[in-house]
Every structure is written in C-alpha cells, then in structure tokens.
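Fit chain E to the given chain U structure using the hints.
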Amino acid sequence: EPEVTQTPSHQVTQMGQEVILRCVPISNHLYFYWYRQILGQKVEFLVSFYNNEISEKSEIFDDQFSVERPDGSNFTLKIRSTKLEDSAMYFCASSETGDSNQPQHFGDGTRLSIL
Amino acid sequence: AQKVTQAQTEISVVEKEDVTLDCVYETRDTTYYLFWYKQPPSGELVFLIRRNSFDEQNEISGRYSWNFQKSTSSFNFTITASQVVDSAVYFCALMGRLAYNTDKLIFGTGTRLQVFP
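Sequence order for the protein chains is U and E.
With the working numbering, the residue at position 4 of the first sequence is -15, and numbering never jumps.
With the working numbering, the residue at position 31 of the second sequence is 39, and numbering never jumps.
Only chain U is shown next, with the shape it has when bound in the complex (with noise of 0.2 Å):
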C-alpha cells in the first residue's frame, strides 16, 4: 500500500540553526499537511499546501516557518532558525482530494530535537 514517508526519523539540530524536514507524500495526491505534536501533547495543525501555494496556515506557522514542493515529489517544511520550543514531532500528512471524501494519510514523523 502507499504510503507518506519523512526524512529524517530524527533530527538533531543547534539553537538558532535552520532545519529543513522532507516528506514524500503519496504519488496521486494533491493535498498536502504538516502538523505537529510536542511530547505528550495533542497533534496540531500547522500548515496546508495545494496547487504550489499555502491553502491554510495556524498561529504557530509564523515567519521562520516555510514550506515548499521543490520537485514534483517532495515537500518540505523549513525552520529557519530554530528555538528550545521547536523540537516535537513533526507528521506530514497526503490526500487524494482536499475534501473528506479521503482521509490524510500520515507519514512517520520526524522527531526534532533542539539543543
């Protein structure tokens, strides 16, 4: 079965260092997600992308948040300079169409880690 895959499984980054987290989402689909969960807390919403621009952002996607579909098969979150508050998972998500006629597919997760 397809599926949504992240890399890295886990990153490990600097205070202040820029991290650029990869998502392959699945090949026939159009809509795409990233959300977040920091430990032990809920998973939220972060940001949707459609036709090469943000359909939808959160309070928490402010400017040192971007997201791009660089080619046709990546799409990748970009933290420009990174903070102690950062490091959670972050989970890429993929649907077919934007409505709910098909669920997001989630990928594995990329757990950050700020030192």
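By construction, these hints were calculated from the structure, which means they are not laboratory data.
Do not rely on the hints blindly, as some may be mistaken.
Calculated cross-link-like contacts (lysine-lysine; reagent style BS3-like; alpha-carbon spacing at most 25 Å) [as the list claims (entries may be wrong)]:
id, chain 1, residue 1, chain 2, residue 2
1, U, K23, U, K38
2, U, K38, E, K11
3, U, K23, U, K64
4, U, K23, E, K11
5, U, K38, U, K64
6, U, K38, U, K59
7, U, K23, E, K46
8, E, K11, E, K46
9, E, K24, E, K46
10, E, K78, U, K23
11, E, K11, E, K78
12, U, K59, U, K23
As the structure is a prediction and not an experimental result, all values here were calculated from the model.
Just chain E now, kept in the frame of chain U:
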C-alpha cells in the same frame, strides 16, 4: 470554534476486557467529519476510521466498533476483547469543512490505552 474533547487521559485494562474511548466534539458546521487515529509507541499516526455527519450508522470492523451519536455530539470507540497490541494513544479528530472552509484536522488530546497481559 471547533473542538474535540477526550476526557479520558489514560485507561488501563487487562487483556480480553472490552474498553470504550470517549470523544465529544463541538462544531457549528452542518457538514463535518470525524476520525480516529491510533498512535502506537513507535510514534506514527495510523488512520482507523472516517465518519461523516450524515451517517449515524454504527460501524464494526473486527474487534473495533464506533458509535456516532449526533444528539450528544459524541463519537465513541470500543475495542472488544482487547489485546496487548492495542496499547497506544488514540486520537479523535474533527474536520468541519463548510462553515470554516478548512480541511485541517482538529485533534483531541488523546487517550492512552494500556492493555496488560
């Protein structure tokens, strides 16, 4: 605003017991969707079920069943004859599309289920 409440933070049962995980939601949307995801200790999020607001029929899939009650805004999840492999955090999620013009998932805080042998 849209909100999902999972009041049970943690539940512990012994193998073969039945267990019900509660989920209560709030939305002013007339068309919305409810989901359950499982997060095992390895950390990934596994999709379990999607239900739309027009379909109140209960669903059964093997040992899993879901009870959607629109009148009480609840979408509860029951595991029958629980097994150790069911140990995970279970998240209920909501997507209210029309009123909010969004396709983001709103998650509850999760219920940690521990099944002991």
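Each hint tested on the structure:
With a C-alpha separation of about 17 Å, the suggested pairing of K23/U with K38/U holds against the 25 Å cut-off. Using a Cα cut-off of 25 Å, the hinted pair K38/U and K11/E holds, with the two alpha carbons roughly 17 Å apart. For the proposed pair K23/U and K64/U, the alpha carbon gap of about 20 Å is at most 25 Å, so the pair holds. For the proposed pair K23/U and K11/E, the alpha carbon gap of about 12 Å is at most 25 Å, so the pair holds.
Proximity of K38/U to K64/U is assessed by CA-CA distance (about 19 Å); at most 25 Å being required, the pair is judged to hold. A hinted pair counts as satisfied when its Cα atoms are at most 25 Å apart, and K38/U with K59/U qualifies at roughly 14 Å. For the given pair, K23/U sits about 12 Å from K46/E by alpha-carbon distance, which is consistent with the 25 Å threshold. At most 25 Å may separate the alpha-carbon atoms for a hinted pair to count; K11/E and K46/E meet this at roughly 19 Å.
Distance check on the hinted pair: K24/E and K46/E sit about 19 Å apart at the alpha-carbon level, within 25 Å; holds. For the hint pairing K78/E with K23/U, the CA-to-CA distance comes to about 24 Å; that is within 25 Å, so the pair holds. With a C-alpha separation of about 15 Å, the suggested pairing of K11/E with K78/E holds against the 25 Å cut-off. Under the criterion of a C-alpha separation no larger than 25 Å, the hint pairing K59/U with K23/U is consistent with the structure, at around 21 Å.
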